[in-house]
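**Q** Protein chains in written order, with my numbering: chain Y, 1 to 207; chain C, 1 to 350.
Calculated directly from the structure, the hints in this document are not laboratory data.
Some clues are possibly wrong.
Claimed, not checked - Capping the alpha-carbon separation at 25 Å, the derived lysine to any residue pairs in SDA-like fashion look like this:
no.	chain 1	residue 1	chain 2	residue 2
1	Y	Lys-19	Y	Thr-50
2	C	Lys-285	C	Ala-340
3	C	Lys-64	C	Asp-51
4	C	Lys-285	Y	Gly-49
5	C	Lys-345	C	Ala-291
6	Y	Lys-65	C	Glu-269
7	C	Lys-285	C	Asp-29
8	Y	Lys-2	Y	Asn-36
9	Y	Lys-158	Y	Met-191
10	C	Lys-285	Y	Asn-175
11	C	Lys-25	C	Tyr-50
12	C	Lys-285	Y	Tyr-176
13	Y	Lys-178	C	Ile-26
14	Y	Lys-70	C	Thr-265
15	Y	Lys-45	C	Ser-284
16	Y	Lys-65	C	Lys-64
17	C	Lys-285	Y	Lys-158
18	Y	Lys-97	Y	Met-191
Since the structure is predicted, the reported quantities are computational estimates derived from the model, not experimental observations.
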Amino acid sequence: MKTLDMQGNPCPIPVVNAKKALAEPGADGVVVLVDNFVAVQNLEKMAKGTDCGFSYTEEGASLYKVTILKDPNKAFNEPPEAPATASDAPAVGSVKKGPVVLITADSMGRGAEDLGKLLIKGFIFSLTQLNPLPEAVIFLNGGAHLTTEGANTVPDLKVLQEKGTEVYTCGTCANYYKLTESLAVGSIVDMMKITNTLAKASGVITL
Amino acid sequence: MGKNTESLLSKGLLSSCTSGGCGAKIESDGLARLLAGLPASGDKRLLVGYDTSDDAAVYMLDEKNSLIFTADFFPPMVDDARTFGRIAAANALSDVWAMGGKPMVALNLVCFPEAMEKSVLADILAGGAEKIAEAGAVLGGGHSIYDREPKYGLAVTGMVETAKVIRNNTPKIGHKIILTKPLGVGIVMAALRVEMAGEGAVRQAIASMERLNRYACESMAGFNVSACTDVTGFGLLVHALEMAGDQAAILLYPDALPLIPEAVTYANEYLLTAAGQRNRNRGSKYADVSALPFATQELLFDPQTSGGLLIAVPPDEAETLTARIREAGDEHAAIIGEVAPRAGKVILFR
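Next up, chain Y with everything else stripped away, as it sits in the complex (with noise of 0.2 Å):
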């Protein structure tokens, strides 16, 4: 599949060029880099739009993937990653997949509010010493607020996505909340990355 590098190109011109190699005769979709997630959302009103998969990842701090797929059902599976070499993914990768975690609450279980902001911290500290560790923690509505600057969990988040777990935190939510430019650890994600994670797990905790 064709990759787009549009960092230091304004909107429209990712979206016009992620078009036109769409409507390259054979292309099955295609891979765009950009450098804001502005551009992003302009990329996912496109590829909806048109009936395509989307979904992308967050690279760097100014770099975001996004993958658009011509047939949706595919944007189910994994997205095509870039021929993962040995090198770059040393043998951590393919031994026991741990469960993902999903975490829809800034507090944990009902009762004292206070108590359950306590027991959540807990909680995320103690999957820092699970094995195998968690392939993701998922945190949507409420739960957005645990990802965020001034969030008493993040330095146990940093830990585990230091180990390798990815830490998501749904993007509709930041929004919502207004969160998405406090984002402390790891990436924002739409609800397809979200549905796919779950989708493909070896198992689901949900809180």
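Given chain Y, put chain C in place with the hints provided.
**A** For chain C alone, coordinates are given in the frame of chain Y:
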């Protein structure tokens, strides 16, 4: 687009810029947070400050007269230097009319690359001077610095009768809302950037951006206007949101919106700006646009460089005022909504 465009492109004014026009504005949410950290002066003579996202500052001289202050500048959204100068000046002057005032003195604000030909700057300033003269104001000087990308605009001082200051967020429930210019200039300029815009659309967008809001403002004399703002970088929906203030809701009539027709086509081809998406990110919290056609949604969020006035006026005066604004030359002026009591979302659709 013909040879006119080619000669313009050779100057490279637009290609030297990452974002042009009002689309280059810093997003409103981020700004509001920064401004909240500044100390409020508490001076009673400052009738309108930065706390209500209004168009310009108003400072009361005495019971009778007040001064209006505003400044606006941005990078080019067109390649022709003189056209850019006219648009930037029309846009900067507009805030004075949005307060119901008259511009008096303008100062040039200039950022210009050291390596770019100085004749380009002369053309930009000539375009600006044209519009300052048409506004009935005088050029009093200015300030210029070297910068990587060219930028131009004005700082403008105007005058208004203290009793006749028109704020942006004081619309009366039941008043009708008039928009004086068609939406879509941001999308048309985005299409131009990727050379997918038709000549007719570009002409209409440029004519609209160059058009002074002076005539629409002067048409308001004698009408009981309860609120007025100009539609610029935040797009119609977010400016309507600011107009609604804390108490009111704005009910928009999507079918009545004046549009640059080709902008609908371009929106459906996803020729969209970053600023439009930023406006969507902010505005969609206050409005459920999901039932509207995609292109209509995008036009509601489209950043308007030098857009029209948005005017709230009593229902029994709305038709007459619209007709008067059209006669004065803004032929696309239309009644596009009404002020409703707040219950739920701030922006509603009929």
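**Q** State for each hint whether it applies.
**A** Cross-check of the supplied hints:
no.	hint	result
1	Lys-19(Y) <-> Thr-50(Y)	holds (10 Å)
2	Lys-285(C) <-> Ala-340(C)	holds (18 Å)
3	Lys-64(C) <-> Asp-51(C)	holds (24 Å)
4	Lys-285(C) <-> Gly-49(Y)	holds (21 Å)
5	Lys-345(C) <-> Ala-291(C)	holds (14 Å)
6	Lys-65(Y) <-> Glu-269(C)	holds (22 Å)
7	Lys-285(C) <-> Asp-29(C)	holds (12 Å)
8	Lys-2(Y) <-> Asn-36(Y)	holds (20 Å)
9	Lys-158(Y) <-> Met-191(Y)	holds (22 Å)
10	Lys-285(C) <-> Asn-175(Y)	holds (9 Å)
11	Lys-25(C) <-> Tyr-50(C)	holds (16 Å)
12	Lys-285(C) <-> Tyr-176(Y)	holds (7 Å)
13	Lys-178(Y) <-> Ile-26(C)	holds (16 Å)
14	Lys-70(Y) <-> Thr-265(C)	holds (22 Å)
15	Lys-45(Y) <-> Ser-284(C)	holds (14 Å)
16	Lys-65(Y) <-> Lys-64(C)	violated (59 Å)
17	Lys-285(C) <-> Lys-158(Y)	violated (30 Å)
18	Lys-97(Y) <-> Met-191(Y)	holds (22 Å)
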